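Enquirer: Position chain L relative to chain W; hints supplied.
Protein chains: 2
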Amino acid sequence: MEREVSIMQIEKSLNGVNVDRLIDTFTTVKEKPDVAKFKFKATNHWVNGGHNRTLIKDFYGACQTQTHKKPFNLEEDEPPVLLGEDKGANPVEYVLSALAGCLTTTLVYQAAVRGIKIDEIESTYEGDLDLRGFLGVSQEVRNGYNGIKVTFKIKADASEETLRELVELAQKRSPVFDIITNPVPVTVELESKQFLH
Amino acid sequence: MEREVSIMQIEKSLNGVNVDRLIDTFTTVKEKPDVAKFKFKATNHWVNGGHNRTLIKDFYGACQTQTHKKPFNLEEDEPPVLLGEDKGANPVEYVLSALAGCLTTTLVYQAAVRGIKIDEIESTYEGDLDLRGFLGVSQEVRNGYNGIKVTFKIKADASEETLRELVELAQKRSPVFDIITNPVPVTVELESKQFLH
Chain W
2 MEREVSIMQI EKSLNGVNVD RLIDTFTTVK EKPDVAKFKF KATNHWVNGG
52 HNRTLIKDFY GACQTQTHKK PFNLEEDEPP VLLGEDKGAN PVEYVLSALA
102 GCLTTTLVYQ AAVRGIKIDE IESTYEGDLD LRGFLGVSQE VRNGYNGIKV
152 TFKIKADASE ETLRELVELA QKRSPVFDII TNPVPVTVEL ESKQFLH
Chain L
2 MEREVSIMQI EKSLNGVNVD RLIDTFTTVK EKPDVAKFKF KATNHWVNGG
52 HNRTLIKDFY GACQTQTHKK PFNLEEDEPP VLLGEDKGAN PVEYVLSALA
102 GCLTTTLVYQ AAVRGIKIDE IESTYEGDLD LRGFLGVSQE VRNGYNGIKV
152 TFKIKADASE ETLRELVELA QKRSPVFDII TNPVPVTVEL ESKQFLH
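From first to last, the protein sequence lines are chains W and L.
In terms of the working numbering, the first sequence is residues 2 to 198.
In terms of the working numbering, the second sequence is residues 2 to 198.
With the rest of the complex left out, here is chain W:
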């Protein structure tokens, strides 16, 4: 009996992903699209100079407010060459991290659904940015990345052809890949001069 339970657990989970639950989620949102509506949230407080802190503690999803097991405080700062004190990675480095996490997770989940066991993934990110945009020195230069180059190394129980398909699928399905490669509308409002305490 114990052996049977053990085998079932192995069948259900691959790459640390509960495949049955992933397929259940797929089926559920197909029938009830409202379950798929998520709203992610963050609150940022400026500390000093280029140093600020983002608090992530809850979000809305699967028709209810969801609270993280613990709140996450993400420190951001600029390095000395950009006039900061280097108390955290800077915002454009956070963008690379977001892209890295999302491509990797999407690839791992897609592999799990397809029954492909992954052993290791390492990926590197390089983003070219011309500071003349941020400084307003040139109108012909954009403020953000001109381009980002990503390289994946994957050790897995699969052919190179299959791994290439997984890397393609990761790009096709990754939320952050979409956010960076396509425009997202952002509205910014000033609530009031007075700070409410």
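Among the hints, erroneous ones may be present.
One copy or any two copies: either way a pair holds, since identical chains are not told apart in the list.
Below, computed lysine to aspartate or glutamate pairings styled on EDC-like, alpha-carbon distance capped at 16 Å [unchecked claim]:
| id | residue 1 | residue 2 |
| --- | --- | --- |
| 1 | LYS13 | ASP25 |
| 2 | LYS88 | ASP59 |
| 3 | LYS154 | GLU190 |
| 4 | LYS38 | GLU141 |
| 5 | LYS71 | ASP87 |
No lab work stands behind these hints: they were computed from the structure.
The structure presented is a predicted model; accordingly, all values stated were derived computationally and were not measured.
Expert: For chain L alone, coordinates are given in the frame of chain W:
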């Protein structure tokens, strides 16, 4: 003599930003555009399931490799409702943090150059995401955020009109605001099946 040094320091720095160095940077990159060319870097390692870790340790800028005072390890995971173990904020939450840090820093630097003293800044971020994109359930739904709503509260020695101008300037100059609201080309390559150790 001590008093004189103290007064000079107050004049040079505002909001924790060394204004003289910021103006120097502006002048330098106007004359030598190569100084403005930055390349930010990240390396990500998959841990398990939705859990992965991004290492940020150096970048290229101001014509040389720059090493952070210490390396930053950014943990990412998915919450249980998205089949993870909640060991870090998730990638789309990292996007909100990147946007928050960048808008805030851009606003603070712009205020410093204009001689506007900032006391406090709090900003909130809400991003709407339909999971049907990631799951591939619907082709009519995008994978990333449909939109992001940002609200700023600022306490500063300035009129509401001036603060509104600062919020506009932050959007106009922020690298991450540009990255999210406009397309960035991203190339993804698979280096080799074999993982090099």
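Enquirer: Take the hints in turn and mark each one as holding or not.
Expert: Going through the hints against the structure:
1. Within a single copy, LYS13 and ASP25 get their C-alpha atoms as close as 12 Å, which meets the 16 Å cut-off; across copies the closest is 60 Å, which misses it.
2. Proximity of LYS88 to ASP59 under the C-alpha cut-off of 16 Å is restricted to the inter-copy arrangement: shortest distance 14 Å between copies versus 25 Å within a copy.
3. In this homomeric assembly, LYS154 and GLU190 come within 16 Å of each other (Cα to Cα) only across copies, at 9 Å, whereas the closest approach inside a single copy is 42 Å.
4. Taking identical chains as interchangeable, the C-alpha atoms of LYS38 and GLU141 lie at most 16 Å apart only when they sit on different chains, with a minimum of 14 Å there against 38 Å within one chain.
5. Only between protomers do LYS71 and ASP87 lie at most 16 Å apart by alpha-carbon distance; the minimum there is 8 Å, versus 25 Å within a single protomer.
Of the numbered hints stated above, none is contradicted by the structure.
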